[in-house]
Amino acid sequence: MPVISYREALNQAMREEMEHDPNVFIMGEEVGHYNGAYKVTQGLLQRFSERRVVDTPIAEMGFAGIGVGAAMVGLRPIIEFMTFNFSLVAIDQIINNAAKIYQMSGGQFHVPIVFRGPSGPAVQVSSQHSQSFESFYAHVPGLKVVMPSTAYDAKGLLKSAIRDDNPVVFMEGETLYGMTGEVPAEEYTLPLGKGDVKRAGTHVTLVAWSRMVHTCLDAAKVLAADGIEAEVVDPRTLRPLDTELIVTSVKKTGRCVIVEVGWPMAGFGAEVAYRVQRGCLDHLDAPIERVTSDDVPMPYAKNLEDEVQPQVKDVVAAVRRTLYLD
Amino acid sequence: MVAIPMKTPETARVELHDELPSTTVEELAPLYRQMLAIRRLEEASAKAYSQGKIGGFLHLIIGQEAVCTGAIAALRPDDYVVATYREHGHAYAKGVPARPILAELYGKKTGLVRGLGGSMHLFDKATNFLGGYGIVGGHVPIAAGAAFASKYRGDGRVTLCFFGEGASTIGGFAEGLSLAALWKLPIVLICENNQYSMGTPLYRSLAVEDVSLRALAHGMPRDRFDGDDVIKVKRRIAEAVERARETGEPTLVEVITYRFRGHSMSDPGLYRTKDEVEEWRRRDPLNRCRARLVEVGMDEAALTALEDDVKAEIEDAVRFAEDSPAADDYLSYVEKV
Ligand SMILES: Cc1ncc(C[n+]2csc(CCOP(=O)(O)OP(=O)(O)O)c2C)c(N)n1
Ligand SMILES: [Mg+2]
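If you're matching them up, the sequences are chains H and S in order.
Each step along the first sequence adds one to the number in our numbering, with nothing skipped, and position 65 is 65.
Each step along the second sequence adds one to the number in our numbering, with nothing skipped, and position 88 is 88.
Since the hints were derived computationally from the structure, they do not count as laboratory data.
Treat the hints loosely; a few may be bogus.
[Unchecked claim] Reference excerpt, derived from the structure (chain H facing chain S, CB under 7 Å, subset only):
#1 MET27
#2 GLU30
#3 PRO57
#4 VAL296
#5 LYS302
#6 ASN303
#7 LEU304
[Claimed, not checked] One side of the interface only, derived from the structure: several residues of chain S facing chain H at Cβ under 7 Å:
#8 GLY55
#9 PRO77
#10 LEU116
#11 GLY166
#12 MET198
#13 SER205
#14 GLY262
Ideal Cβ placement from N, Cα and C applies to all residues, glycine included.
Pulled out of the complex, with its shape left as it was, chain S reads as follows (with noise of 0.2 Å):
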C-alpha cells in the first residue's frame, strides 16, 4: 500500500494567498466553463424563482462554484457523488444536462426528477449522482454506504460527499465520520464551509472552527484549504480520491469558501455586512478562474466564444424548462399497499 502524503496545515488559519498550482489552457477552459455554466444556470433559476415559476426552497451555490467543480473534475465517471439540497452545481458537474436540471426546478414532467423532487433532490443514476438530500447531515451515512458498497465489490470507485459546516454539529456526521474511517470506506468526505448555515456564523455553531481537525479523533487523513481556485481545489481533492482509491482510507477535507446570496431565497442575509460579501464577491472564483486562462494563454476570442456558448446553453435550457408540459405522474414510483 502506498501512503499518500496529506497536506495537514499547522493551525486553523487557512492561507489564502498560497501558491496556485500551475495549469494549461486545456485543463482549465472546461472547468472555466463549467463554473461558468452552474453560475449561469443559478442566476436563471433566481429570476425564474422571482417570477414564480420556480417555488419552494431555494439554495443557490453562487460564489462556491470551483469547490462542486474542482472537487468532482477529479473524479472517474463511475465515481458516486452525495450531495446536500444546495446541489445543481455538483448534479451538472457530474454530467447532468442543464435541461433536465432547469425542469426539474420548474416541476415539469421533463424535470430530472419528473417533478417529483424539485431543487432540493436531484438524482441521475445515469452519471452517478446519488441525490440531493435536505435533512442536515442524513446524507453523510447513504455516501459511506456508496463508499461501502464499493469496498465489498471490490470496484475501485470513490464516493464523494458534500456538505456543509453547519452539518459538522449533527449525528448523522459523526456516525458517516467515524465508520467511514472504522471501516476504510473509499470516500472523500468534504465540508464546504461557507462560514454561515443559515443565519448562524462558525462561531455561534463551533467550539473549534476547524472542521477537518475531527478526523484526528478517527485517525484519518485531513486536509483543509481554500477554495477559489478550482485547480487547487481539483489537484487537492485528487490526492484524497487517490487515497481512497488506492488504499481505502477515508479523507476528511474542508474548503474554505463564500455564498455571495442568502441561505436561500427567502433569506435577506442580514447577519452579514455589506464590507464582508463585498470582499468576498471581490475574490470571486470565477472572475479568478478567468483571469488565470487569460495568464496561460487563452484569448479574448476564445474565452468570449466560450461565454455565448455557455449562455445559448442556458437559454436553451430555460426555453425547454418554459416549454415543457407540466408533470403529471406521482403514483408511480411508490409501492402500491
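Here chain H stands alone, though its shape is the one from the complex (with noise of 0.2 Å):
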C-alpha cells in the first residue's frame, strides 16, 4: 500500500472529490497561487483553475459566509482557514448560519460545507495561535466536527465530509501534516462518527484524538514495558461520537483515561467522561481520569510550551493512578 503524508491524503481527497463533482471549490487564503499556507491544496490551482480554487483576501468572516450562501444554492464549498484560531472571526457564519440553515428554514435549505484547516497547538507560536477549538464547535447541533489522526483517517473522512449534505468542522492537525501513514491507491471513503480502535489492550482505555492519539500510543508503549496494555480508542468524530464504541472498550478494561490538548475546563474531554460513567458504571474498577494542558493561555517558550500540555508521562501517570499503582 502507498505511504504517503498526512498532508498529500487530504489534498487527494480533495482533488478526487473535486474530480466526481463539478460543484465542489475551494475558497480561503493563499490556497491557490501559494499552494497553500501549509501545502495542503499544493498543485489544486494548476488542476482546477482560479475558477474552482479561489484566493480570498483577509476576510473570514467574509469568505465563510460566502461558502454559507453559495452552499444553500447547490455549491459545495470547501472552506479553509490558514489555520482554526483564525476562524474565531468567522464563527458567527459558522454557528449562527451554516449550523442554522437547515432548521432554520424548515429543512428548506442545506449547507453541504466543510469548513476546514490545521487546528490545536503548533510550536512556539504562543497564545493566539496555538490553540484547540473543538470543543466549542462540538457543542453546536448542526454541525458535525472531525479530527483525524492518521493519513488514511485524513482521507477517508475528508471525502465525506464534502459528500455530507451538511456543515462539518473539519479539524487537521497542525502538527500532524508531515507524518506519513499507508493509504489506500483505490478509492475509499470513512463514515462520519464512526471511532477506530488505534491500540487493541485489556487494562486500560485511552481515548483521544488528533494529535494526542499519537501520545497515547506512546505511553501504551511506555505501559506495556511494565506488562500495562492500554486500548487506544480514536472517535475519530467528535460529533456525532461514537459512544459505542468508547463503552464497549470501557466496560472490557474497567478504567477510562480521557486525553485532550484542549484546556480542562468544559472541555471535550467533559462529555466523553459523562457517557462513560452513563454507560459503564457498573463496569469501572476507577474513577476516570483526564488529562488535558493546564488551565493558560500557550506560552511562547519552549519548555513551558511543552510543560502546558499533556505528555507521554502525564498520560502514564494517570493511567498508574487508574490502577492504584502509585
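With the hints as a guide, dock the two chains, each given alone in a separate frame, to form the complex.
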C-alpha cells in the first residue's frame, strides 16, 4: 500500500472530490497561487483553475459567509482557514448561519459545506496561534466535527465530509501534516461518526483524538513495558460521537483515561467522561481520569509550552492512578 | 478648533520622488540610529532563528524601518502605540530596549513579557506600547479603544495603530475605522502597505489598491505617501497626530513600503521576482537616511562612531538573551478558577 503524508492524503481527498463533482470548490487565504500556507492544497490551482480554487483576501467572516450562501444554492464549498485560530473571526457565520439554516428553514435549505484547516497547538507560536477549539464547535447542534489522527483517516473522512449534505468542521492536526501512513491507492471513504481502535488492550482505555492519539500510543508502549496493556480508542469524529465504541472498550477494561490537548474547563473530554460513566458505571474499577493542557493561554517559550501540554509521562501517570499503582 | 490641512494626493499613484523635507543632523541622527538598531536587531533575530534559538513565527520588518521610526518620532512618550505581529521595530522605536526584546524572542525569563508572548506579542506598559497582536485586524478596535479612553479622560494622548494593507479587508479594520470616525477618536491609523499580504500581491486582494480612500466614506482625513524617507514619514504623521490631539479627529494614513524578506522566516518569497526585490533594495531607506545625514553635515567619523555604538548595543542584547535563564513561570498571570 502506498505510504503518503497526512497532508498528501488531504490533498488527494480534495482532488478526487473535485474531479467527481464540479460543484466542489476551495476557497481561502493562499490556497491557490501559494499552494496553501501549509501546502495542503498544493497543485490544485494548476489542476482546477482559479474558478474552483479561489484565493481570498484576509476576510474570514466574508468568505465563510460566501461559502454558506453558495452552499444554500447548490455548490459544495471547502472553506480553508489558514488555521482554526482565525475561524474565530468567522464563527458567527459558522454557528449562527451554517449550523442553523437547515433547521431554521424548516428543512428547505441544506448547507453542504466543509470548514477545514489546521488546528491545535503548533510549535512556539504562542497564545493566539496555539489553540484547540473542538469543544467550541462540538457544542453546536447542526455541526459535525471531525479530527483525524492518521493519513488514512484524514483522506477517508474528508471525502465523506465533502459529500455530507450538512456543515462539517474538519480540524486537521497542525503538527500532523508531515506524518506518514499507509493509504490505499483505490478510492475509499470512512463514515463520519465512527471511531476506530488504534491499539487493542485489556487493562485501561485511552480515549484521544488528533495528535493526542499518538501521545497515547507512545504512552501505551511505555506502559506495555510494565505489563500494562492500554487500548487506544480514537473517536475520529467528535460530533456525532461514537459512544458505543468507547463504552464497549471501557466495559472490557474497567478503566478510562481521556486525553485532550484543549483546556480542561468544559473541554470535550468532560462530555466523554459523562457518557462513559453513564454507559459503564457498573464496570468501572476506578474514577475516570482526564489529561488536558494546563488551564492557561499557551506560553511561547519551548520549555513552558511542553510543560503546558499533555506529555507521555502525564498519560502514564494517569493510567497508573486508575490502576492504583502509585 | 483649528483645521489642519491634509495632503490628499489626487490619484492612487504615489509620488516616489517627491521633494524631501529639510532636516538637521540633530533631528536625523537619532532616527538613523534607531533605524539602524532595528535593522541590526532584526538581523540578529534572523541569525538566532536559523540557529534554532528562536522558534515559532518570526516576521521581520527589514526594509520598512523608516515607517515605524518616523511615525513614532512624531509622538510624545505618553502616547500609545498598537501594532501587529511584525512589531519588534515599533516596540524599539517606542523606547523598549533591545535587551528584553531579544530575550523575549529567545523565550527567556528576562524577556519583555517573560517568555510568554514571543516575537508576535511584545507589550510594554512603561513605554505605552499596548501590544503586538497575531490575529490580523483584531487590534484595530483595541487601538480605537485606547483612543476612546483618551477622549473620555481628556488626557490629550494620541494612539498610533499600525497594520498591513492585508488587514484592510477584514471586519476588525472596517469596524474600528468607522467607530473611530463616528466618535472622533484621537487616533492615527497607519496602513503599512508593503504590497504583499503573505504571498498575495495587492491586486489580488483589493479592488481599489488605495487603502487610504476608505477614509472618504467616513468623512475622515486621509494621507498617502511613500515611506522610504524617515523625516517625511515623521512630518506627515506629525500632521495627523497634531490633528488628533488638537481636534480629536482621526486620520487614515497609508504609507507605501516594502519588506525585503519573506513574510516570515519560513516563507522563501517565491511570489516576487528578484528584480522587484532588488529594485526596492536599491532604495533602501536605511542607506537613504545615511546619505542624507552626510548631506546635512554629519561627518564620517561621527557616523562610524554611531554605527559602532549600535553594533555594541545589539551585540550586548544578544549576549544578554543568550545568557539569561529560561522562562519558568506561566501560571502567575491567569486567574485561577
Ligand atoms: C484573521 C487572520 N487571518 C489570517 C491570518 C494569517 N496571516 C498572518 S499575517 C497575514 C498577512 C498579513 O498581511 P498584511 O496585513 O499586509 O501585513 P504584513 O504581514 O504585510 O505586514 C496573514 C494572512 C491571521 N494572522 N489572522
Ligand atoms: Mg502587507
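Here is how each hint holds up against the structure:
no. : hint   : result
1   : MET27  : violated, 13 Å
2   : GLU30  : holds, 6 Å
3   : PRO57  : holds, 4 Å
4   : VAL296 : holds, 5 Å
5   : LYS302 : holds, 6 Å
6   : ASN303 : holds, 5 Å
7   : LEU304 : holds, 5 Å
8   : GLY55  : holds, 3 Å
9   : PRO77  : violated, 27 Å
10  : LEU116 : holds, 5 Å
11  : GLY166 : holds, 5 Å
12  : MET198 : holds, 6 Å
13  : SER205 : holds, 4 Å
14  : GLY262 : violated, 11 Å
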